[in-house]
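Engineer: Residues per chain are reported as follows:
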Amino acid sequence: MTTTDVDTDPEAARIRSLVLPDRVHGSIYTDPDVYARELERIWYTTWVYVGHASEVPEPNDYVRKTIGPQQVVMTRDKTGAIHVLHNRCSHRGNLVCDAERGNAGSFRCPYHGWTFANTGDLLGFPFNQGYGGSSARAQLPGLATAPRVESYRGFVFASLSPDGPTLREHLGAAAERLDRLCRLSPSGEVELTAGWVRHEVTANWKMLVENETDGYHPQFVHSSIFSISGSGIGALYSDKSTAVTRALGGGHTENDLSPEFRRLGVPMGWAGTPEAKIPDYVAAMRDAYGTDTADEIMIDGSPHVMIFPNLFVAEIQLFQIQPLAVDRTVQHVTAIQFAGAPDLNRRLVTQCVGSVGPAGMLLADDAEMYERNQRGVAQRRPEWLDLTRGLHRERVDDDGHTIGTATDETSMRAMWRHYLELMT
Amino acid sequence: MTTALAIDLREAEQFLYREARLADAFALEEWEALWTDDAVYHVPVDPDADPRTHMSIVFDNRGRIATRIKQLQTGRRHSQRPPSRLCRSVTNVEVLGVEGGDDRGDTVVGSVVQILESRDRGATWWVGRVTHRLRRLDGELRMAAKTVVLVDSDRALPTMSFLI
Chain A
1 MTTTDVDTDP EAARIRSLVL PDRVHGSIYT DPDVYARELE RIWYTTWVYV
51 GHASEVPEPN DYVRKTIGPQ QVVMTRDKTG AIHVLHNRCS HRGNLVCDAE
101 RGNAGSFRCP YHGWTFANTG DLLGFPFNQG YGGSSARAQL PGLATAPRVE
151 SYRGFVFASL SPDGPTLREH LGAAAERLDR LCRLSPSGEV ELTAGWVRHE
201 VTANWKMLVE NETDGYHPQF VHSSIFSISG SGIGALYSDK STAVTRALGG
251 GHTENDLSPE FRRLGVPMGW AGTPEAKIPD YVAAMRDAYG TDTADEIMID
301 GSPHVMIFPN LFVAEIQLFQ IQPLAVDRTV QHVTAIQFAG APDLNRRLVT
351 QCVGSVGPAG MLLADDAEMY ERNQRGVAQR RPEWLDLTRG LHRERVDDDG
401 HTIGTATDET SMRAMWRHYL ELMT
Chain B
1001 MTTALAIDLR EAEQFLYREA RLADAFALEE WEALWTDDAV YHVPVDPDAD
1051 PRTHMSIVFD NRGRIATRIK QLQTGRRHSQ RPPSRLCRSV TNVEVLGVEG
1101 GDDRGDTVVG SVVQILESRD RGATWWVGRV THRLRRLDGE LRMAAKTVVL
1151 VDSDRALPTM SFLI
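Keeping their order, the protein sequence lines are chains A and B. If you use our numbering, the first sequence closes out at 424, no skipped numbers anywhere. If you use our numbering, the second sequence closes out at 1164, no skipped numbers anywhere.
Take the hints with a grain of salt, since some may be wrong.
Said to hold, decoys possible - To give an idea of the chain A side of the interface with chain B (calculated C-beta under 8 angstroms), a few residues:
| hint | residue |
| --- | --- |
| 1 | Val19 |
| 2 | Phe127 |
| 3 | Arg198 |
| 4 | His199 |
| 5 | Ser223 |
| 6 | Val330 |
| 7 | Gly354 |
| 8 | Met361 |
What the hints contain is simulated information worked out from the structure, not anything from laboratory work. Just so it is clear, the structure is predicted and the values come from calculations on it, not from any experiment. Every residue, glycine too, gets a C-beta built ideally from N, C-alpha and C.
Work the whole structure out from these sequences, hints included.
Structural biologist: In structure tokens, the structure reads:
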């Protein structure tokens, strides 16, 4: 990571003065200049999660996706390769793809009929004598494509910068969390086939990223539902919990609840689903992994990991964070589905729908906090947001990761450290 | 299809208006009492998708309707603190038919709802096409199902934690 010279880039120096090891300035969430720089330095540079291979299972399938405010189309070409195309005609800039998803080998711009392959290549343009004949195709541009597209376990990421760390380098220890998610499928595969709920909040995207692995808030923000549903989630995020908050490097963070799940020792306890209700799934897992390993997997459960800047896996659901403006953010959310687990999958959809989205019994209240925070930080004083919780009791685990207790702000501090690396 | 149990347009309208008024006023117990025991309350993303395998905005059985009401009653449902200011109009009411095939069938009623919701964040205009399945039980009308297909159901929506 290159560091900008503060003499030649005063904006870098200004941002460093707003993000300190134990506090951040309120304007970091509200300043349009900061946001513009985030788009360039983070969203259009680093690896950003775009979609999942299971969303384009067949040759020529496509689905519209986003990279921050950018509209892109994720396609699978006839050879099976996945591409990420900017949704903008190379002729006059029109949107070339308006269907949400479908199957097509090519896209035809409605404005003047230019046609592009699902790889982005220009195929043709009407009345081609105007360009000196069809041979002009070699000189005219196709659709812009993301310079780098890579996937890990079916999770497709793109970088709009031709250079930088590889996806594996970017993911680092977070890759193992995706492994942990995938091994909950008897065939080791996640499928995102349940469709999306889209929830927009009037708040800066970083409010969401910070909240995703904030173990301090659940007891307060979600007490209304915990108190009536008998949910055990609240206890996982208490002073007595053995769960830890972990900085995974690269701005990626997690609430590792597996120590609590292991202490309880109940297969599928993490999902709140007794084994007896999903006998086919449990049998398939034991067939696939052997009883001991399968039980270990089913006890440890699914990760709760925020992969910077926009992929959040929260046990049974997956969120994709999309900034639209300095104070507007969309969370796209779906229930995680495991290949070869239809009985479990139905329960996951039911649980997820109850929890997330505009009417969700959990997420509606998180969203309220983001929006209240956004209004709050616009107030002039005390200017700073405190990040000191658990600073005195942070330690380093056997893998070299910084960890705090279940309710410590270790994750936020780690996110901001990485943020400064990218922004300055 | 005229039977003792049939529900005519006028009666259906009166029920829909009453339900709308109770929801606007957060008359939670009275609103909850309108549901049958086998009720389904559904706000789909894609009305053609199977809600058991696809995401919905709301997909509540009777138990989950009760949980939703209880959550509001705790006074700690932050997204409803303070409660949204609501005023909705119900129009285009039509009796669409009877489901169930005999004289015990539920009467299916279509309508359009428009809701102005005002909160600190600003005002939101919610519009959708609604289908009620109404049933007469012990002489009283109840709703066995309510489906609200929002105009913007598959677009990004702001928080919607009132009773739509």
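Engineer: Each hint needs a verdict: does it hold in this structure or not?
Structural biologist: Hints and how they fare:
1. With a cut of 8 angstroms, the hint placing Val19(A) at the interface with chain B is violated, because the nearest CB-to-CB distance is about 27 angstroms.
2. For Phe127(A), the interface hint is violated, the least distance from its beta-carbon to any beta-carbon of chain B being 37 angstroms, above 8 angstroms.
3. At a threshold of 8 angstroms, the smallest CB-CB gap from Arg198(A) to chain B is about 4 angstroms, leaving the interface hint in force.
4. A distance limit of 8 angstroms between C-beta atoms decides the matter here; for His199(A) the minimum to chain B is near 6 angstroms, and the interface restraint holds.
5. A cut of 8 angstroms between beta carbons decides the hint on Ser223(A): the least distance to chain B is about 5 angstroms, and the hint holds.
6. With 8 angstroms as the threshold, the beta carbon of Val330(A) comes within range of chain B, its nearest partner Cβ sitting at about 4 angstroms, so the hint holds.
7. Because the beta carbon of Gly354(A) sits about 6 angstroms from the nearest beta carbon in chain B, less than 8 angstroms, this interface hint is met.
8. The interface hint given for Met361(A) holds, since its Cβ lies 6 angstroms from the closest Cβ of chain B, which is under the 8 angstroms cut-off.
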